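Each step along the sequence shown adds one to the number in the numbering used here, with nothing skipped, and position 27 is 28.
No wet-lab data here; the hints were simulated from the structure. Errors might be hidden in some of the hints.
[Unchecked claim] Under the rule of at most 20 Å between Cα atoms (straight-line distance), these lysine to aspartate or glutamate pairs were calculated in the EDC-like manner:
| id | residue 1 | residue 2 |
| --- | --- | --- |
| 1 | K31 | D43 |
| 2 | K15 | D5 |
| 3 | K31 | D93 |
| 4 | K31 | E10 |
| 5 | K15 | D58 |
| 6 | K15 | E38 |
| 7 | K17 | D43 |
| 8 | K15 | D93 |
| 9 | K15 | E33 |
| 10 | K17 | D67 |
| 11 | K15 | E27 |
| 12 | K15 | D67 |
| 13 | K31 | E70 |
| 14 | K17 | E33 |
| 15 | K17 | E78 |
| 16 | K17 | E3 |
| 17 | K15 | E70 |
[Said to hold, decoys possible] Pairwise CB distance ranges (calculated):
| id | residue 1 | residue 2 | range |
| --- | --- | --- | --- |
| 18 | A56 | E10 | 13 to 23 Å |
| 19 | P23 | D93 | 11 to 21 Å |
| 20 | G16 | L81 | 16 to 26 Å |
| 21 | D5 | A26 | 33 to 43 Å |
| 22 | S91 | H12 | 44 to 54 Å |
| 23 | L88 | A37 | 38 to 48 Å |
| 24 | A26 | R85 | 20 to 30 Å |
| 25 | S91 | P23 | 27 to 37 Å |
| 26 | A59 | L81 | 38 to 48 Å |
| 27 | S13 | A57 | 24 to 34 Å |
| 28 | D58 | L81 | 21 to 31 Å |
| 29 | L44 | S90 | 26 to 36 Å |
Everything numeric in this text was worked out from a predicted model, so none of it was measured. The beta-carbon is built from N, C-alpha and C at its ideal position, and this holds for glycine as well.
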Amino acid sequence: MEFDLLLGEVHSLKGKRSAVRPLIAEIRRKFEVAVAETGHQDLHRRAGLGVCVVAADAAHVVAILDRIERMVAYRPEVELLSTRRGLHSSTDE
2 MEFDLLLGEV HSLKGKRSAV RPLIAEIRRK FEVAVAETGH QDLHRRAGLG VCVVAADAAH
62 VVAILDRIER MVAYRPEVEL LSTRRGLHSS TDE
């Protein structure tokens, strides 16, 4: 899943790191998933985050991604501009 975020009161790349790092750490800790800043590194008020979940059951993956999306959407310091999801299985070619 990919998030496109607009950050609130951020005026520098240093301020951006202060806003994005705790969000990434919370997602990792709470959901035990891989997450990283993947886009808009040169813009101080925008951030792109990528989240990856591996599980045996697609329904479980969807449930985790839903919970992560709700958590991010309700964060007061960020505005969720868009979300993009893709599911892949071992049978994909």
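Here's how the hints hold up against the structure:
For the suggested pair K31 and D43, the alpha carbons sit about 28 Å apart, so the restraint of at most 20 Å is broken. Restraint check: the Cα-Cα separation between K15 and D5 comes to about 19 Å, which is no more than 20 Å; the hinted pair holds. Taking the CA atoms of K31 and D93, the gap is about 29 Å. The hint is violated against a cut of 20 Å. Of the pairs offered as hints, the one joining K31 and E10 is violated, with about 25 Å between alpha carbons and a cut-off of 20 Å exceeded.
This hinted pair does not check out: K15 and D58 have alpha carbons roughly 39 Å apart, beyond 20 Å. Using a Cα cut-off of 20 Å, the hinted pair K15 and E38 holds, with the two alpha carbons roughly 14 Å apart. About 10 Å separates the Cα atoms of K17 and D43, which keeps this hinted pair within 20 Å; it holds. About 40 Å separates the Cα atoms of K15 and D93, which puts this hinted pair outside 20 Å; it is violated.
A threshold of 20 Å between alpha carbons decides the hint, and for K15 with E33 the separation of about 26 Å lies outside it, so the pair is violated. About 25 Å separates the Cα atoms of K17 and D67, which puts this hinted pair outside 20 Å; it is violated. Of the supplied pair hints, the one linking K15 and E27 holds, its CA atoms being roughly 19 Å apart against a limit of 20 Å. Under the criterion of a C-alpha separation no larger than 20 Å, the hint pairing K15 with D67 is inconsistent with the structure, at around 30 Å.
Annotation: proposed proximity of K31 to E70 holds, straight-line Cα distance about 13 Å (limit 20 Å). For a cut-off of 20 Å, the pair hint linking K17 to E33 is broken: about 23 Å separates their Cα positions. Taking the CA atoms of K17 and E78, the gap is near 11 Å; set against the 20 Å cutoff, the hint holds. Of the pairs offered as hints, the one joining K17 and E3 holds, with about 18 Å between alpha carbons and a cut-off of 20 Å not exceeded.
Under the criterion of a C-alpha separation no larger than 20 Å, the hint pairing K15 with E70 is inconsistent with the structure, at around 25 Å. Judged by the Cβ atoms, the range 13 to 23 Å given for A56 and E10 is violated: they are separated by roughly 36 Å. Against the hinted window of 11 to 21 Å, the Cβ-Cβ separation of P23 and D93 comes to about 34 Å, which falls outside the hint. About 19 Å separates the C-beta atoms of G16 and L81, a value consistent with the hinted range of 16 to 26 Å.
For the hinted restraint 33 to 43 Å between D5 and A26, the CB-CB distance of approximately 20 Å leaves it violated. For S91 and H12, the Cβ-Cβ distance of about 45 Å falls inside the hinted range of 44 to 54 Å, so the restraint holds. A beta carbon spacing of about 19 Å between L88 and A37 contradicts the range 38 to 48 Å that was offered as a hint. Range check, A26 to R85: about 22 Å between beta-carbon atoms, so the 20 to 30 Å window is met.
For the pair S91 and P23, the beta carbons lie near 34 Å from each other, so the given range of 27 to 37 Å is met. The hinted window of 38 to 48 Å between A59 and L81 is violated, with their beta carbons roughly 23 Å apart. Between S13 and A57 the beta carbon distance is about 43 Å. The supplied range of 24 to 34 Å is therefore violated. A C-beta distance of roughly 26 Å is found between D58 and L81, which places it inside the suggested range of 21 to 31 Å.
L44 and S90 have their C-beta atoms about 34 Å apart, which keeps the hinted 26 to 36 Å range intact.
Hint check: violations occur at hints 1, 3, 4, 5, 8, 9, 10, 12, 14, 17, 18, 19, 21, 23, 26 and 27; the rest are consistent with the structure.
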